[in-house]
Amino acid sequence: MKRVYVAAVVLCFVTGTLSAQAADRIDGVLAEPALRYGSAAYVLLGVNGLVDPDASAEQAIEVLADLGFAIDGKSADDPMTLGDLSLLLMHVFEIDGGLMYTLLRQPRYATRELEFRGVIQGRTFPDMSVNGERGIRIINRAVALREEGRI
Amino acid sequence: MRQCATCVLLFAILVLSSTRLFSQDPAIGDWGVTVDVLRGLRAAEHVAQDARTSALSTALWGRRIIPIGTESRLDFAIQGSYNWSSGQVFANLDLARMDGLHPFILGESSVLRTRVGRFRVADPSTFVINAAVDGLSVRLEYPAVRMELTGAYTGLQLNPVSNVRMTQVDLVEENDDSATFAPPRAVGIAAIEFPELFARQSVSVAVIGQYDFRDAASTQDTLNSGYAVLGVRGPLFGGLYHDVFGIATQGVWEQGNQSESYFGYLGSVRLRLFLPEFFASRVSVQAVYSSHDDVDASSGFENRYRPISRNRLGTAVSVALENLLYGELSYSLRPFIGSDSAQAQRVQVQLAGRTYFTTSDSPAALDPRTEGSAVYPGFDPEPTGRHIGSEGVLRLNARPFSDLGLGATVGLFVPSVGDPGVFTNDRGIQFLSRLELSTRF
Numbered sequence: 001m002k003r004v005y006v007a008a009v010v011l012c013f014v015t016g017t018l019s020a021q022a023a024d025r026i027d028g029v030l031a032e033p034a035l036r037y038g039s040a041a042y043v044l045l046g047v048n049g050l051v052d053p054d055a056s057a058e059q060a061i062e063v064l065a066d067l068g069f070a071i072d073g074k075s076a077d078d079p080m081t082l083g084d085l086s087l088l089l090m091h092v093f094e095i096d097g098g099l100m101y102t103l104l105r106q107p108r109y110a111t112r113e114l115e116f117r118g119v120i121q122g123r124t125f126p127d128m129s130v131n132g133e134r135g136i137r138i139i140n141r142a143v144a145l146r147e148e149g150r151i
Numbered sequence: 001m002r003q004c005a006t007c008v009l010l011f012a013i014l015v016l017s018s019t020r021l022f023s024q025d026p027a028i029g030d031w032g033v034t035v036d037v038l039r040g041l042r043a044a045e046h047v048a049q050d051a052r053t054s055a056l057s058t059a060l061w062g063r064r065i066i067p068i069g070t071e072s073r074l075d076f077a078i079q080g081s082y083n084w085s086s087g088q089v090f091a092n093l094d095l096a097r098m099d100g101l102h103p104f105i106l107g108e109s110s111v112l113r114t115r116v117g118r119f120r121v122a123d124p125s126t127f128v129i130n131a132a133v134d135g136l137s138v139r140l141e142y143p144a145v146r147m148e149l150t151g152a153y154t155g156l157q158l159n160p161v162s163n164v165r166m167t168q169v170d171l172v173e174e175n176d177d178s179a180t181f182a183p184p185r186a187v188g189i190a191a192i193e194f195p196e197l198f199a200r201q202s203v204s205v206a207v208i209g210q211y212d213f214r215d216a217a218s219t220q221d222t223l224n225s226g227y228a229v230l231g232v233r234g235p236l237f238g239g240l241y242h243d244v245f246g247i248a249t250q251g252v253w254e255q256g257n258q259s260e261s262y263f264g265y266l267g268s269v270r271l272r273l274f275l276p277e278f279f280a281s282r283v284s285v286q287a288v289y290s291s292h293d294d295v296d297a298s299s300g301f302e303n304r305y306r307p308i309s310r311n312r313l314g315t316a317v318s319v320a321l322e323n324l325l326y327g328e329l330s331y332s333l334r335p336f337i338g339s340d341s342a343q344a345q346r347v348q349v350q351l352a353g354r355t356y357f358t359t360s361d362s363p364a365a366l367d368p369r370t371e372g373s374a375v376y377p378g379f380d381p382e383p384t385g386r387h388i389g390s391e392g393v394l395r396l397n398a399r400p401f402s403d404l405g406l407g408a409t410v411g412l413f414v415p416s417v418g419d420p421g422v423f424t425n426d427r428g429i430q431f432l433s434r435l436e437l438s439t440r441f
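Chains as they are written, first to last, in the numbering used here: chain A, 1 to 151; chain B, 1 to 441.
Do not rely on the hints blindly, as some may be mistaken.
To be verified - If the Cβ cut is set under 7 Å, some of the chain A residues that face chain B in the computed set are:
1. L99
2. M100
3. E113
4. F116
5. G118
6. F125
7. D127
8. M128
Claimed, not checked - Not everything, but these chain B residues come out facing chain A in the computed CB check (under 7 Å):
9. F401
10. S402
11. L404
12. D426
13. F441
As the list claims (entries may be wrong) - Counterexamples of contact, computed for chain A against chain B with all Cβ distances above 10 Å:
14. Q21
15. A23
16. A31
17. D54
18. A65
19. D66
20. G68
21. F69
22. D72
23. K74
24. E94
25. G98
26. S129
27. R134
28. E147
If you're looking for bench data, these hints aren't it; they were derived computationally from the structure. Computed from a predicted model, the values in this text were never measured in an experiment. Backbone N, C-alpha and C define an ideal beta-carbon position, used for all residues, glycine too.
With the hints as constraints, model all of the structure from the sequences given.
Encoded structure:
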């Protein structure tokens, strides 16, 4: 099953030549017991063609900062909560949120929006930790729903 | 009351403060606020003045999950609401429950679930009880069988929110502002379900008992009853699903020195067809029969099916599920599902047609609150027919944002008068319109 996520996410990296190193990176993200900020930034930006597949986690965070989406005070190895991931995903995928998200741009409202749109499934709390496999699965679902025009 | 408030406070402190319990995983939780607003209009040809209704309900909820060890967890949920409607204002504790989840305790494939506090309980059919109660529930799940035992008390619920109405005294108290709490009854449910027992069909069996804690007096009637429920549900073919339920009930009614035992039964068949590729269409056909056999000449007690919670049917008219043969055909679709706009995709239109008959020559059990009186206008005291009438309902749902829902409902009830019906010509057409807005943050 993990290989399916790897293949699906890697296919979304919109560069000409995809290195085996990038596939190994995704494999590494899948194995993370708690999804790291740098890994989330790398995958989210990668599937949107905003970062090179061979870029480091730190470089991905720099791109996030340039886009104005970086999370203050977080370093590349810090674990992500579901709320953090949701907020990044909403920003990078340019998803319109509900009334509260539009007003406050907080992780809890980003989480609820993505749950409502079917991007996040299963137990959903903004402050819960996310492992690498679930993180990749969520990003993968967002890609699929965008291709269907549903987000 | 003070003890109750202390319990709620302690519960809230536990839920909000605990971070971990014998586990490396941290607790997780969330909270939120919901606001629901309703504006309605009821009009009828036989009633001189239209009735306009307004209601506002706002609720604060919280949830906390605390892991225990590696597999088990406790799940706390609490919700309090402030409710305002034409003529009534009250605050209510809607929910205060602690769920326990304990996998593998009673075998490799077992899941033990416990629930204590204030929660909603329903039998497999929802035709016997579907009500908020205070109590305890234990559920043991294996792949081939699920067993559940529930013990509950209904008398701590506030009177305006309770739908446990079985006797004449219960119905009188429903509109009595001086009654603070709901009718005091104990309810026990033992249910067993065999999921996908044959041909993907799941079979449910339940035994339910309820006991009235009040003493029968000359002006107060009491009723104790038991129920047996058998149900089968599952897919038939393609997107077609069905559920079939049969319920038998036996009970004893008492008032003063009079005592009557009674028997009743209910049967229900429902077919649902899902057509996701055709504008996300859903078609539903349902027929329900609830018995009414005779009326005791000396006591006036009616020998009929009596559920524990009086969940009403209908939109423009409100009919209790007693002494009733009821048929419904409904169809819903999302007409703009192919649109580029996500907001338009979520618009849903629902059409429903319903028709109602009594199952005996006795009057139908209509809702005194919507009728405006316990003596229903236009009822033929000696009806020649059993047709109550038919109604059509159009409902529009929209979800422009994930945290904003809008709904509009229009319903028209045409009573059956003359030979086939239960009404005289004095009864006219009834109309209802309703606008709803709900938001959460």
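Checked hints:
no., hint, verdict
1, L99, "holds, 5 Å"
2, M100, "holds, 4 Å"
3, E113, "holds, 5 Å"
4, F116, "holds, 4 Å"
5, G118, "violated, 11 Å"
6, F125, "holds, 4 Å"
7, D127, "holds, 5 Å"
8, M128, "holds, 4 Å"
9, F401, "holds, 4 Å"
10, S402, "holds, 4 Å"
11, L404, "holds, 6 Å"
12, D426, "violated, 49 Å"
13, F441, "holds, 4 Å"
14, Q21, "holds, 33 Å"
15, A23, "holds, 31 Å"
16, A31, "holds, 19 Å"
17, D54, "holds, 35 Å"
18, A65, "holds, 28 Å"
19, D66, "holds, 29 Å"
20, G68, "holds, 23 Å"
21, F69, "holds, 21 Å"
22, D72, "holds, 22 Å"
23, K74, "holds, 17 Å"
24, E94, "holds, 13 Å"
25, G98, "violated, 4 Å"
26, S129, "violated, 8 Å"
27, R134, "holds, 14 Å"
28, E147, "holds, 14 Å"
The structure does not agree with the numbered hints 5, 12, 25 and 26 stated previously, though it agrees with the rest.
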